[in-house]
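A.B. asks: Protein chains in written order, with the numbering used here: chain A, 401 to 972; chain B, 3 to 231.
Just so you know, the hints here were simulated from the structure itself, not pulled from any lab data.
By construction, the Cβ of each residue, glycine as well, lies at the ideal position given by its N, Cα and C atoms.
Keep in mind that the hints are not guaranteed to be accurate.
[Stated by the list, open to error] Label-pair restraints from in silico Cβ distances:
id, chain 1, residue 1, chain 2, residue 2, range
1, A, G881, B, L109, 44 to 50 angstroms
2, B, D204, A, D530, 20 to 26 angstroms
3, B, L196, A, G494, 50 to 56 angstroms
4, B, L196, A, R864, 35 to 41 angstroms
5, A, W482, B, L128, 26 to 32 angstroms
6, B, P192, A, R529, 41 to 47 angstroms
7, B, L196, A, G562, 27 to 33 angstroms
8, A, D807, B, L118, 20 to 26 angstroms
9, A, P736, B, P205, 44 to 50 angstroms
10, A, E564, B, D189, 30 to 36 angstroms
11, B, D136, A, P736, 25 to 31 angstroms
[Unchecked claim] Derived pair list, reagent style BS3-like, types lysine-lysine, alpha-carbon separation capped at 27 angstroms:
id, chain 1, residue 1, chain 2, residue 2
12, A, K814, A, K742
13, B, K210, A, K814
14, B, K132, A, K552
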Amino acid sequence: MQIKESSEVYDVIIVGSGAGGGMATKQLADAGFNVAVVEAGPFFDPADPKTMTQMKWPYQSPRRGAGVDRPFGEWDMAYGGWQIEGEPYTHEEGTEFNWFRSHMLGGRTNHWGRISLRFGPKDFKGKTRDGHGEDWPIGYDDVKPYYDKVDKLIGVFGTNEGLENDPDGFFLPPPKPRLHELFYIKGAKKSGVPVIPGRLSMLTKRINNDRGVCFYCGQCSRSCSAYADFSSGSCLIFPAQKSGGKVRLYVNCVVREVTTNEEGKATGVSYISKDDRKEYKLKARVVVLAASACSSARILLNSKSKQHPNGLGNSSNVVGKYLHDSTGSGRAGFLPQLMNRKTSYNEDGVGGMHVYSPWWGDNSKLDFPRGYHIEVWGGMGMPNYGFGFNANEFNKFFGTKVGGYGDVLRDDVKKYYGSVIGFGGRGEGIARIDNYCEIDETTVDKFGIPVLKFNYKWSDLERRQATHMQDTFEELIHNMGGEVLGDRPGGPDNGLNKPGEIIHEVGTTRMGNDPKTSVTNKFNQLHDVNNVFIVDAGPFVSQADKNCTWTILALSWRASDYIIEQLKAQNI
Amino acid sequence: MLLGTGALSLGLHSCVQEGGPSLETQIVNSADEYFGRTPEELERIDKLNAEELFTAHELETITVLSEVILPPKPDVGGPLEARVPEFIEFMGKDVPSFQNTLLGGLLWLDKKSTDLFNAEFKSLSLDQQKQILDPIAFYDPDVPTRKRPFEIQWFSLMRNLTMTGYYTSEWGIKDLGYVGNTPNVWDGVPQDVLDQHGVAYDPEWIAKCIDQSTRGDIATWDEDGNLLT
């Protein structure tokens, strides 16, 4: 087989176009470098009316929005899901990991929750604090200037509250709370749980003349056609192109490996085109991996050569290790005070919570070491598939019959519309060497590339945190005057979501000062090969009780500045 | 409001140097027909639409039953206006695990009708139909779904699909009164709603929120992160 090799040598090849890849594209192209972005999925522009799902009604679909093709519902803007045909992954027996992939320009930033939380000073020094895991080789002060720049470039609403571990920033003003959120604020106060305005990357105010302002459809998961929320394509890659940057997009191209020369330095990547199933090579001075924590680890492990027999950057044997996801557990309640609501007004709001609770506890007095924040949902949302199921189930709280048929069902639907409030706890799990992904030598995908095999288990530290979440949720619902819905989630993991399900997987190529115990240095550069960088969540030493995207963006910008400096100094 | 896509797409470069239409071209060509579907998704919908799950008699029975479950009303229609029978058939094909319950339940219904009244369900009087449905229409919410008698499970599924099919239609959304899914400027819960539910905004909280008259002004901050505009 002849591998087609392009004669052009790019300054930088970036693998993946999500948050990390988009930011690197923007910074490196703005600095004048010739950049190639290699993306496994198709081109996607949120503003393209042909692919747009924003503002669609359920009746435009024969399945009324059901999540058969797309796991978060038919309108969700992610091409992929927990399973992708022809691209499997496997598990060590007795372990679980669910892996969400979205193959399209912009990746998972097209559908994500836009909850944009900075890590705080304590989050970078976990081991110093409680002995678990490892400290980062950098601290909050190293990242703060980049968080500030990300806030201003991309836009995030929130408020400066002066909280020690939930730092202030450059915020746009938040939207006012919705009705159920006012009940949450009241109930949480009784429990001593703090509530502050949400921090989400949606434009409640204009930040430049290229992007629109939020028009409150509540559909950020469908990707905003006005570019009023953060998606990597609309906010980073397209602006880089528009300002004249040399950005070549290679879409539908699945990277197999990073290619290296006799000296062991990277020369580019080889990829398989989905369109003709042929193998191609691209050359560059620098390779930046941003394919997602697990996909980048997979590319490194599959990049074996004489010089790198254990996979690229893996002399430490740490690639794939320390995989960890946020912990998650949820609960919902029925609030009788929210019955019989007036539907006279539109409370879609932004596509997420207007209020939330940052972690408030003192872990030194608790039986688990790390915290969690609480996300809140509820309200009079647009009906989609599933609306009206068990329409009068809450009759049970009033001792009346459940089910039936006839005109009364119309009354029941309206009586209970918007009377449910739900909580999601999102916490920090401990990074462990024995939670990992590795190459499954027995299995390849349809492109012939060996796939990942996952090995992940929660420990009692996470299980005890989940118990605390559930205790808190029950107390909050009680304090709000509500009825807890459903049985307490149990099972061997005390109601924790399965590993991977919160879609905050990080840590597979962790950074550190010691090349024996880490994969990259503190500038996201491989210890073993100085012209390869990783700017997704792989280099995270620990995932805080926050969401990872804002830190991916800040660290990718920081790494890009370092790449620019090193390229200009001709060090790489 | 839509930003031009033409100029932004200049960098687009399919990794196939020669050959047929790229995936994005196919999406562009096909999605006009269908609400932002990928070609693969569109293909699957076309395939399902070409299949038949129910006989003509079964569809007639579903039609009759759905109107007993949710009788039509002037101005807001009912299951037929909302195309509920077509929706139920599509879901039966889309989610194969529904099929045995849906198909088996319809046979149960006609057998029961014949046993009691010597005619198929669709031909019975409303009063006779109710005599058949009353014993299976209510369920014990404390018993898990799969432990309930089959006919109760089936009727619950029919009711759920009828309700969701209706309330996701233009008619049902009108009946519900949902006024969202339209561009607007959120400026908090109206006072009459706050009063109805006995809650109020905290003035200190509201002071931090967006003053919507400034939403079009470009944000600028001082060096401490205080918004200036």
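A.B. asks: Does each hint hold? Answer for all of them.
C.D. replies: Quick rundown of the hints versus the structure:
| no. | hint | result |
| --- | --- | --- |
| 1 | A:G881 - B:L109: 44 to 50 angstroms | holds, 46 angstroms |
| 2 | B:D204 - A:D530: 20 to 26 angstroms | violated, 35 angstroms |
| 3 | B:L196 - A:G494: 50 to 56 angstroms | holds, 53 angstroms |
| 4 | B:L196 - A:R864: 35 to 41 angstroms | holds, 39 angstroms |
| 5 | A:W482 - B:L128: 26 to 32 angstroms | violated, 46 angstroms |
| 6 | B:P192 - A:R529: 41 to 47 angstroms | holds, 46 angstroms |
| 7 | B:L196 - A:G562: 27 to 33 angstroms | holds, 29 angstroms |
| 8 | A:D807 - B:L118: 20 to 26 angstroms | holds, 25 angstroms |
| 9 | A:P736 - B:P205: 44 to 50 angstroms | violated, 28 angstroms |
| 10 | A:E564 - B:D189: 30 to 36 angstroms | holds, 32 angstroms |
| 11 | B:D136 - A:P736: 25 to 31 angstroms | holds, 28 angstroms |
| 12 | A:K814 - A:K742 | holds, 9 angstroms |
| 13 | B:K210 - A:K814 | violated, 33 angstroms |
| 14 | B:K132 - A:K552 | violated, 64 angstroms |
The structure is inconsistent with the numbered hints 2, 5, 9, 13, 14, although it conforms to all the rest.
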